[in-house]
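Generate coordinates for the entire structure from the input sequences, incorporating the hints supplied.
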Amino acid sequence: MTTAFDPIELSGTRLANRIAMAPMTRSRAFGEGLTVTESTVEYYSQRASAGLIVTEGIQPSVQGQGYPNTPGLHTDEQVAAWRKVTDAVHAKGARIFAQIMHAGRIGHPVLWPDEERVSVAPSSVAPDGQLYTQEGPKDFIAPRELAAGEIPAVIEEFVDAARNAVAAGFDGVELHGANGYLIHQFIADNTNLRTDEWGGSVENRIRFAVEVTKAVSAAIGPERTGLRISPGNPYNDIAETDPKATYPALVEALEPLGLGYLHIVEMTPGYRDITLELRELFSGTFILNPATEGPTDHKALGLVEDGVADILAFGALFLANPDLPARLQSEGPYNAPDPASFFGGDDKGYTDYPTLGES
1 MTTAFDPIEL
11 SGTRLANRIA
21 MAPMTRSRAF
31 GEGLTVTEST
41 VEYYSQRASA
51 GLIVTEGIQP
61 SVQGQGYPNT
71 PGLHTDEQVA
81 AWRKVTDAVH
91 AKGARIFAQI
101 MHAGRIGHPV
111 LWPDEERVSV
121 APSSVAPDGQ
131 LYTQEGPKDF
141 IAPRELAAGE
151 IPAVIEEFVD
161 AARNAVAAGF
171 DGVELHGANG
181 YLIHQFIADN
191 TNLRTDEWGG
201 SVENRIRFAV
211 EVTKAVSAAI
221 GPERTGLRIS
231 PGNPYNDIAE
241 TDPKATYPAL
251 VEALEPLGLG
261 YLHIVEMTPG
271 YRDITLELRE
281 LFSGTFILNP
291 ATEGPTDHKA
301 LGLVEDGVAD
311 ILAFGALFLA
321 NPDLPARLQS
331 EGPYNAPDPA
341 SFFGGDDKGY
351 TDYPTLGES
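Read in order, the letters of the sequence shown are residues 1 to 359 in my numbering.
Hints listed in this document are in silico derivations from the structure and should not be mistaken for laboratory results.
Treat the hints with care, since some could be wrong.
[Claimed, not checked] Cross-link-like lysine to aspartate or glutamate pairs, in silico, EDC-like; alpha carbons within 16 angstroms at most: (1) K244 / E331; (2) K92 / D76; (3) K214 / E252; (4) K244 / E277; (5) K138 / D128; (6) K348 / E42; (7) K84 / E145; (8) K299 / E252; (9) K244 / E203.
And the structure:
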């Protein structure tokens, strides 16, 4: 019987186990030019008992930034800073993918104080809510709708960032198509009101996700390319009326590419039917960030044994427990995550969570 603690081949590389660290925004790119720091090196290397680490969302361009102090992969300085992270993780035997995240309409001009710049999106639809900035909460504003002629250049931003990720030593990239960011904004029918070839029908709304994935796969290899999606996820004011039609169509369009993996964020156990359908449609490595009844529900490990997933991804539990695979194997105990330190701040709540031996 296969368990979550058994090794697996991913992208031609052997992972030590089937437990992944899910991507989590931490807003601690305090180096000049939004570069990661030595604290980031420590943070990821502490968690290198994971078979696979997926980084926090990394913007592929200035325009792609959505939050204060999030890191980029579009300058030489950013590439050099990330190289220290990948070297440290590899030294401990783990593999690490960079999550490329263009925030789209989630952002604010306050992020670009010296420029006349506004967020871009498939349609000019402002999200409900506020962005928390260094100047305090700011109401979201309507983004600028991308002209059809601009979309190829945005796709190229993902491609350039993927090439930079390889130059920085990453084992591959994960395209962030979940949680209400740009790729998801094209997929969802409440944020994509277009009537051209990039909107309207399911086929047109998934086109941007497909074209970005194809372009990145062609640039760095499909085996180094993964995609994260979250069917039915309302985060960032997303409302999808047809996820049961949309996501199977998306996966069927991507299946011929031979991607390294597909990563599903499962919203509630009620979405398991979509998960199982996508699992059936996708022949590659299937990563699941599962919906469970509690943050330490060990029953989630059984999803590997049952064949529902090849790899399980954990978020906040990994944030608070740098040695999570060992804790899962012993069924705890677990450090409790501190939400007050999730975003920004110093090393408190970042690199100071104790391991089992230190507890």
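Exercise for the section: Find the hints from earlier in the document that the structure breaks and name them by number, from lowest to highest. Expected result: Of the numbered hints, 1, 2, 7, 8 do not hold.
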